[in-house]
Amino acid sequence: MSHTEPVHLAWRRHAPPRRFWIAFSLGLYGWLLFLHVLAAFSIVATVVVFSALALGLTTDARVLTVSSVLWGIGGLGTLVFGVWLALYVSGYHIYDGWIVAALVLWAIATGLGQRAEREYREALSRGEGTADPRAARSAALFHWLRSIVVLALLVVMIYKPGA
Amino acid sequence: MVAFVRPDAWNFPLLVHVLGAMVMVGALLLAVSALAFAWRAGSPALVRLGYRALLFGALPGWIVMRAGAEWIASKESLTNSNFAWINIGFTTSDAGLVVIVGSAVLAGLALRRAVRGGADGGGLRWAATVLVGLLIVAYVVTIWAMTKKPI
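First to last, the protein sequences are chains A and B. First residue of the first sequence? That's 657 in this note's numbering, and the numbers climb one at a time after it. First residue of the second sequence? That's 20 in this note's numbering, and the numbers climb one at a time after it.
These are calculated hints, taken from the structure and not from any lab test. One or more of the hints may lead you astray.
[Unchecked claim] Heads up, incomplete: computed chain B residues facing chain A, CB under 8 Å, no partners named:
(1) L33
(2) V37
(3) L38
(4) A46
(5) L48
(6) F56
(7) W58
(8) L68
(9) R71
(10) L153
(11) V156
(12) V160
(13) T161
(14) T166
[As the list claims (entries may be wrong)] If you anchor each label on the Cβ, the simulated ranges turn out as follows:
(15) F102(B) with S746(A): 43 to 53 Å
(16) V739(A) with G141(B): 24 to 34 Å
(17) V725(A) with F31(B): 27 to 37 Å
(18) G683(A) with V159(B): 30 to 40 Å
Each residue gets a CB set at the ideal place from its N, CA and C atoms; glycine is no exception.
Starting from the given sequences, assemble the full structure and let the hints guide the process.
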């Protein structure tokens, strides 16, 4: 008698138990938190990518586009999933001081980021693969201000003052 | 779902860990973008940007993230725990260091070839781009594990 196990039965023996999948599945809270944190990573990635432009490491317009796309994803994601979490989790309220502070910081960071991007696009508009120094300096100023606000936003999110 | 407020003593180590991880992932995204753009255009300036993003962004970010991980794990008495999310975190972070250093070496070699004007180092750029891309995917899974915390 052969000891070879039929393939259609062997896969079942090696299949992970059902509780494995239960442990690795995400409930609504898990999804909201994961997407909110992923969006926050995208916001900080925007700051890192734009820093390359602000430090003069590149003048490639495509890098600016990457930065803009990351802010679009991160900005919208943190806002939507953050507000959803605030409404979903018992003990958090949308009018809590730290949540209001985060929303205000988010709005300031978005405004500064839009200004930085606009200034940098203007700096690149003269073409020839170089940036206009005056507009680039102005863009860098708005970028570093936004970086400070994003850092403050992260501090508020982690410390949750008043929660 | 009821809100969980962590002890105050955990906040700063967590901030260090999360900030390091965010800077590292941001630098990896910058590197993969620059290397991918260079892959099509063959621009030495973009290869240099990808190389610098790995060396001066992703690597310091990794060090801060890893130091923060040890710090917060010791605060939470999780250093020797066998939870799946802790194992996923330490595995991807340790493997990540190898990938970051390896990719930086590949990008550096590609840059040297591009500057010397000989062979364009396209294969090296391609390898570095793919490695960094895969690492970003691994870190998305890690972020999922850190938020879901499967045991």
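Can the hint on V156(B) be confirmed by a CB-to-CB distance to chain A that is less than 8 Å?
-> Cβ of V156(B) sits 12 Å from chain A, so the hint is violated.
G683(A) and V159(B), beta-carbon distance inside 30 to 40 Å?
-> 19 Å, violated
Measuring from the C-beta of V37(B) to each C-beta in chain A, is the shortest one below 8 Å?
-> 7 Å, holds
Restraint outcome when T161(B) is required to lie within 8 Å of chain A by C-beta distance = 11 Å, violated
Double-check L33(B) for me: the hint is only fine if its C-beta lies closer than 8 Å to a C-beta in chain A.
-> Since chain A brings a Cβ to about 6 Å from L33(B), closer than 8 Å, the hint holds.
Double-check R71(B) for me: the hint is only fine if its C-beta lies closer than 8 Å to a C-beta in chain A.
-> 6 Å, holds
Cut-off 8 Å, beta-carbon criterion: hint that L153(B) touches chain A = 17 Å, violated
Given a hinted range of 24 to 34 Å, is it respected by the beta-carbon distance of V739(A) and G141(B)?
-> 46 Å, violated
Going by Cβ atoms only, is V160(B) closer than 8 Å to chain A?
-> Check failed: Cβ of V160(B) comes no nearer than 11 Å to chain A, outside 8 Å.
Against chain A, with CB atoms and a cut of 8 Å, does the hint on A46(B) hold up?
-> 6 Å, holds
Assessment of proposed distance window 43 to 53 Å (beta carbons of F102(B), S746(A)) | 25 Å, violated
With chain A as the partner, please determine if F56(B) meets the hint condition of a C-beta pair closer than 8 Å.
-> 5 Å, holds
In the structure shown, a violation is registered for the earlier hints numbered 7, 10, 11, 12, 13, 15, 16 and 18, in ascending order.
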